Structures are given as structure tokens and as C-alpha cells.
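Engineer: Whole structure, please, built from the sequences with the hints as guidance.
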Amino acid sequence: MAEILTVVESANGAVKKVSLELLALAGKLGEPAAVWLGPGYSDEAGAVLAEHGAAKIYVADNADLVDYVVAPKAEALAQIMQTANPGAVLIASSAEGKEIAARLAVKTGSGVITDAVDVAADLTATQSVFGGSTIVQSKVTTGTPIITVRVNSIAPEAAPAAGTRVDVAVDVSEAAKSAKVTDRTVAAKGGRPELAEAAIVVSGGRGVNGADGFGVIEALADSLGAAVGASRAATDAGWYPHQYQVGQTGKTVSPQLYIANGISGAIQHRAGMQTSKTVIVVNKDPEAPIFELADFGVVGDLFSVVPQLTDEINKRKG
Amino acid sequence: MKIAVCVKQVPDTWAEKKLRDDDSTLDREAADGVMNELDEYAVEEALRLIEAHGGEVVVVTMGPERAAETVRKALSMGADAGVHLVDDAFQGSDALATSYALAEVLSGRGFDLILFGSESTDARMSVVPAMVAERLGLPQVTFAQKVNVDGASVSIERLTEYGFDTVEAAMPAVISVVEKINEPRYPSFKGIMAAKKKPVETLTVADAGLDAAQLGLAAAWSTVAQFAARPPKAAGTVVTDEGDGGSKIAQYLSEQKFV
Ligand SMILES: Cc1cc2nc3c(=O)[nH]c(=O)nc-3n(C[C@H](O)[C@H](O)[C@H](O)COP(=O)(O)OP(=O)(O)OC[C@H]3O[C@@H](n4cnc5c(N)ncnc54)[C@H](O)[C@@H]3O)c2cc1C
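Note that the protein sequences, when read in sequence, are chains A and B. The first sequence begins at 5 in this note's numbering and counts up one residue at a time. The second sequence begins at 3 in this note's numbering and counts up one residue at a time.
The hints are simulated quantities; they were obtained by calculation from the structure and are not laboratory data. All values derive from a computational prediction rather than experimental measurement. We put the beta carbon where it would ideally sit given N, CA and C, even for glycine. Careful, some of the hints might be misleading.
Computed cross-link-like contacts, BS3-like style, restricted to lysine-lysine with a CA-CA straight-line distance of at most 30 Å [said to hold, decoys possible]:
| # | chain 1 | residue 1 | chain 2 | residue 2 |
| --- | --- | --- | --- | --- |
| 1 | A | Lys255 | A | Lys32 |
| 2 | B | Lys4 | A | Lys111 |
| 3 | B | Lys235 | A | Lys21 |
| 4 | A | Lys255 | B | Lys235 |
| 5 | B | Lys259 | A | Lys21 |
| 6 | B | Lys250 | A | Lys288 |
| 7 | A | Lys20 | B | Lys148 |
For the chain A half of the interface with chain B, some residues (derived, Cβ under 8 Å), not all of them [to be verified]:
| # | residue |
| --- | --- |
| 8 | Glu103 |
| 9 | Ala109 |
| 10 | Ser114 |
| 11 | Ser132 |
| 12 | Phe134 |
| 13 | Lys143 |
| 14 | Gly147 |
| 15 | Glu198 |
| 16 | Gln252 |
| 17 | Ala298 |
| 18 | Phe300 |
| 19 | Gly301 |
| 20 | Val303 |
| 21 | Val309 |
| 22 | Glu316 |
The following label-pair restraints were derived from C-beta to C-beta distances [to be verified]:
| # | chain 1 | residue 1 | chain 2 | residue 2 | range |
| --- | --- | --- | --- | --- | --- |
| 23 | B | Ala231 | A | Ala191 | 37 to 43 Å |
| 24 | B | Lys198 | A | Asp65 | 55 to 61 Å |
| 25 | A | Ala162 | B | Gly110 | 52 to 58 Å |
| 26 | B | Asp209 | A | Gly195 | 52 to 58 Å |
| 27 | A | Ala15 | B | Lys199 | 52 to 58 Å |
| 28 | B | Gln228 | A | Ser177 | 39 to 45 Å |
| 29 | B | Ser249 | A | Gly17 | 39 to 45 Å |
| 30 | A | Lys319 | B | Ala237 | 27 to 33 Å |
Structural biologist: Structural data, given as C-alpha cells:
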């Protein structure tokens, strides 16, 4: 059975959930192997990967991989591919993940598919395109399939495996070290989960009517342990920081639960949240198109509905 | 300083996008074409850079005849010249083929910076800038929310999931920009008139010295096996708030085991 390489994403040494999702998907396609690119690997991280199906864990402990933009990671993967000869490479569909996939495809002469929501045993990928309005099945026909997979598309699974550590000494070329990261700035995000990865997203739009109004959105989000999102109307007005914009020109989210408050549901907003599993809508206009996506909707003023909802949830949590 | 900005004509985002039944490529005839919105930010950034440092902006596009409108738009915003790759052989090119054609046309023209929007609103792959950097062996400084040029080097703020990274590179370099970088200008009447006289070079596959075997649908390294419209979502429950709307949602969330 061919090895399926999955690229691990981590934050402060901890394996991100999306990496476990990739391992679960890899398990359907062949023998899952995890690839750790950069410093910070630990036995604890290895144990988590092994528990979720990693038969092998390639560790490329080299600071160049994180000190320069993308190119070194693509080089390292190309080198690992040469010896591992994998059936496919799975990478998270983050901005950086797609760029790694892009360079790796050029380097190895392989086709690339981005934003897959599923991959079948014959390596046919399912993509949800045009803001979720069309479902496409596609397949790489040249080289080793390189597929980026959307977060929250597959559930992580406990699948204990050997997790054998394989250290790899990668050669990072001078050419790949041409864009140097000289500083990292971490934006304050108040302990909420990352928007793109969150299981629950609570969003506010123009109906929130000002930066102050986002207080009620944040309170609801915190009662649910959710991330906060915003429509472009809200970010353009400066009511909420731009990095929280959901939609075509913002982030694509696909959470278990999406709560849209004071958002009309323009096609460009829907493009970023249409694949959410359950959608709740609060909007005072019964004609708002966002109601077409609602599993449950309330026609009403968000300033009365949302605080009541927050109270109820906090009460139920006891 | 000589700056190239790669722009793409895309179906208007307000229009419904469809795939063609015959070859599963995007039906570009079905909707009005507009300049990819993020590319407007790239054009704007290029114009600001030459306003500050002096130089020339060349817009480069690959696309059908009517993509000439998009080149014109960039020229009317203030770009100096255009290059339009137009040939039936490009139809159906995937990102790898597109990056091949762009890289070939961009190389050897002495550009100090090559700018892109970080994503197109139709394909949304966000891969072409990285592919072009890889092919040209140039530094990749992408997802910029801020660009600074200082002598022969460029530094950017690269948007990340946690905030941003400061990245430095020597020019020439490949940059992609995100929309918070600036506010694109509208073409002025004067700009629109001036654009009519600006030079646009149109190149076929042969003119550009490209290998047709690496272009178009037949050369794509991935294929669409089938596609279908997403089944419409079953209608949900919508209630009108009578002072208990919040409680009703809480009830629903509890039934669905979210709380
Ligand atoms: C190229 C392009 C890209 C774009 N990209 C994005 C994108 O990434 N993300 C995005 O979101 N948009 C994007 N847009 C913008 C998009 O077209 C809409 O303008 C935007 O989504 C509207 O935001 P909204 O729903 O918050 O505002 P509106 O459309 O103004 O809707 C506000 C809603 O709030 C309701 N409301 C008002 N007050 C209350 C209240 N007190 N209680 C309850 N409901 C209330 C109203 O009934 C209304 O339905 C893009 C547009 C273009 C052209």
C-alpha cells in the first residue's frame, strides 16, 4: 500500500486539528505518514500523530524551513517524496498550504488540486466551487497527486499506528532562502479559536450597526466557545478587524455551526460559509436571502434576540 | 523601477458562475467579465510604488479577446503599457500552464517587481504567484498587506493566520497583495482617454515562443471527471421573534446537541 504524505501544521509545538483530519483522510487512501517541517517536534506531538494513524513520522528539524517563506518547505517535501515515493501528498488548504502545494507541483511535475472536501480511494477529489454552488469531482493525471484539503471536511479518527520517527536531513538551497522572515507579529485575538478552524462561528454584519454592537456578537461567541466572523460591510466600516471577514475575499469557513446576525447573505458572503453544516440566522428582514441557507432562523432584532440567546446558553451551561 | 502587474479577467462576482457541459471549463461567455477585484489592489499598489520611486507599470494578462477590456481598465487607472497573451491554445489552461506562460513572458523583460492579486474570485486557488516565483527562481513575498521598497530590496507584511510576518527580499521579487493593502482608485475621465493611446502588445503562443504542448485543456495535469450543482438545501424553520426568539434558538441548539 502506497504511503500518503500529510503535512503537519502546528501552533506552539501542538499539532493542529487539521493535521489529524489529513491523517484520517490518508487512512482511506493508503498508509498515512506525517511530515513535520521545521523545529519544535516533540514526543508528545509524535504520540498524537501516531494515535491518529501516522505509521511513519518524517521529521525535518531545520530552522530554515520556517525562517524563509514557503520555498524551503516545498524543497524539503520534494526531497522526502523522492525516497518515500508516496501515492499522494495531502496539505491543509491554508494560504500557506496552497503555496507549498503550488511550488511542489511545479518542482515535481505533478498536478495539484486545491480545496478538496473529500478524496476517494481512487484519488478522485471532491471540491466545492463557486462558493459552494457547484460540486466538482477531479483527478490528478500527471505525477503524484498533490491535494490541499479544506479544514473541517473530515473528522479526525483514533487509529493507533506505529508512529515510527524518521529523521530527514533536508538540503535547503540558497535560492530557496531568498525571502527571509525577519519578524513575526501576533495579533491579539482574546483566546478565541482560529476563525478558519473553529467548529462554531458567530458572525455579525451591517445590522450590528457599529463597533460597539460587536459586543453582543462576541458575548454569544464566548458562550459557545466560538470564533467571531464578520461580513465585509462590517469590516469595511472598520467595526471589526479585517482578518475576521468571511466570504469570497475573506476567509472560507466550514464549521459545524454558523450563526449569521444582521447579515443579508450576498453571494460573496455565502461563498465563504455556504458549506457550514448547520446555519442559524437572525435578521429583521424576512426577505433576506441568508434565510435560504438557514436550518433555523429568527426574524427579529438581533439586539434583543442575541443577548437572550447568550443568556439562555449560559444558563444551560449552568 | 519597472513593475509588472498580472491581472485576470473573471466573471462578475454578482453573476452566477457555471461550468460548460462540453469540457467542464468555466463558462466565460455566460457572465460579464470584470477585472479580478484583488488585481485592482495590485495595480493600485504598483501605481503608488512608482509615484513614490519613479518608473513604469506594465499590465500583463492571459485571456480571450475581451480580456483586453481588463488591460484597458488598468491602463485607465494609470498603468503605462499592456501585454495581452491571447490565443485559442490558452483556453482551458490550468494554474500550472498559466504560470508557465506568465513566467516565460515575464522573464527577460527586466522587471524589478512582479505583482499579483493574492487570489482570483473565480478559481480561488491562490497558487499562481507562488508557481511563477518557483519557475522564475525569484523571492516569493506573497499575501502582502503592506509593501516597502528601499533601494534594491523590498519588505512586506505577510498576512498570516496569527497576524503577520515581516519578510525581506532582494529585488527582483514576486509579490501578491491582499485587499486591505490600499483602496484602488477609480479611473478618471482623463485616465480613460489617455488609456486609448497607450501601447498594448498582443502575443500569440507562437509570438511569445511558448510550447503549445504545455498549454490549454489537453495539457492540464488534472481533469474534471464530473460536476453537478449542489443540491439545494432543504428549507429550514424560520420563526418570527415574539420576545422569545433567543430562547427558541437556544432550544434548537440544545436539540442539535450544540449546547
Ligand atoms: C468582489 C466582491 C467581493 C466581496 N467579498 C465579500 C466577502 O468576502 N465577504 C462579505 O461578507 N462580503 C463581500 N462582498 C460584499 C457583499 O456583496 C455585501 O455587500 C456584504 O456581504 C453585505 O454585508 P452585510 O450582509 O453585513 O450587509 P447588508 O447587505 O447591508 O445586510 C445587513 C442585514 O442586516 C439586517 N439588519 C439590520 N439591522 C438589523 C438588526 N437590528 N437586527 C437584525 N438584522 C438587522 C438587514 O435586514 C440586512 O439583511 C464582496 C463584494 C464584491 C463586489
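Engineer: Run every hint past the structure and note whether it holds.
Structural biologist: Verification of the hints:
1. In summary, the hint linking Lys255 (chain A) to Lys32 (chain A) is supported, as the alpha carbons are separated by about 28 Å, within the 30 Å threshold.
2. The suggested pairing of Lys4 (chain B) with Lys111 (chain A) holds, with an alpha-carbon distance near 28 Å, which does not exceed 30 Å.
3. This hinted pair checks out: Lys235 (chain B) and Lys21 (chain A) have alpha carbons roughly 28 Å apart, not beyond 30 Å.
4. A threshold of 30 Å between alpha carbons decides the hint, and for Lys255 (chain A) with Lys235 (chain B) the separation of about 22 Å falls inside it, so the pair holds.
5. Of the pairs offered as hints, the one joining Lys259 (chain B) and Lys21 (chain A) holds, with about 21 Å between alpha carbons and a cut-off of 30 Å not exceeded.
6. A hinted pair counts as satisfied when its Cα atoms are at most 30 Å apart, and Lys250 (chain B) with Lys288 (chain A) qualifies at roughly 16 Å.
7. A C-alpha spacing of about 28 Å is found between Lys20 (chain A) and Lys148 (chain B), which places the hinted pair at or below 30 Å, so the restraint holds.
8. With its C-beta approaching chain B no nearer than about 4 Å, Glu103 (chain A) sits inside the 8 Å limit, and its interface hint holds.
9. For Ala109 (chain A), the suggested interface contact is upheld, since its CB lies about 6 Å from the closest CB of chain B, less than 8 Å.
10. Among the interface hints, the one on Ser114 (chain A) holds; its C-beta lies about 7 Å from the nearest C-beta in chain B, closer than the 8 Å criterion.
11. With a least beta-carbon distance of about 7 Å to chain B, the hint placing Ser132 (chain A) at the interface is held under the 8 Å criterion.
12. With its C-beta approaching chain B no nearer than about 4 Å, Phe134 (chain A) sits inside the 8 Å limit, and its interface hint holds.
13. Nearest Cβ of chain B to the Cβ of Lys143 (chain A): about 6 Å, under the 8 Å cut. The hint holds.
14. At a threshold of 8 Å, the smallest CB-CB gap from Gly147 (chain A) to chain B is about 7 Å, leaving the interface hint in force.
15. Look at Glu198 (chain A): its Cβ gets to within about 6 Å of chain B, closer than 8 Å, so that hint holds up.
16. The criterion of a C-beta within 8 Å of any C-beta in chain B is met by Gln252 (chain A), whose closest approach is roughly 6 Å, and the hint holds.
17. Using the Cβ-Cβ criterion of 8 Å, the hint placing Ala298 (chain A) at the interface with chain B is satisfied: the shortest such distance is roughly 4 Å.
18. Evaluation of the Phe300 (chain A) hint against chain B yields a held restraint, the C-beta minimum of about 5 Å falling below 8 Å.
19. Here the hint on Gly301 (chain A) is kept, as its CB sits about 4 Å from the closest CB of chain B, short of 8 Å.
20. Because the smallest distance between the Cβ of Val303 (chain A) and any Cβ of chain B comes to about 5 Å, under 8 Å, the interface hint for this residue holds.
21. For Val309 (chain A), the interface hint holds, since its Cβ comes within 8 Å of a Cβ in chain B; the closest pair sits about 4 Å apart.
22. For Glu316 (chain A), the interface hint holds, the least distance from its beta-carbon to any beta-carbon of chain B being 4 Å, beneath 8 Å.
23. With their beta carbons about 38 Å apart, Ala231 (chain B) and Ala191 (chain A) fall inside the hinted range of 37 to 43 Å.
24. Distance hint check for Lys198 (chain B) and Asp65 (chain A): the Cβ-Cβ separation is about 58 Å, which falls inside the suggested range of 55 to 61 Å.
25. For Ala162 (chain A) and Gly110 (chain B), the Cβ-Cβ distance of about 55 Å falls inside the hinted range of 52 to 58 Å, so the restraint holds.
26. Evaluation of the 52 to 58 Å hint for Asp209 (chain B) and Gly195 (chain A) yields a pass: the beta carbon distance comes to about 57 Å.
27. Roughly 53 Å separates the CB atoms of Ala15 (chain A) and Lys199 (chain B), a value that falls within the hinted 52 to 58 Å.
28. Between Gln228 (chain B) and Ser177 (chain A) the C-beta distance comes to about 41 Å, which sits within the given range of 39 to 45 Å.
29. Taking 39 to 45 Å as the suggested C-beta distance range, the pair Ser249 (chain B) and Gly17 (chain A) conforms, at roughly 42 Å.
30. For Lys319 (chain A) and Ala237 (chain B), the hinted distance range of 27 to 33 Å is satisfied, since their beta carbons lie about 30 Å from each other.
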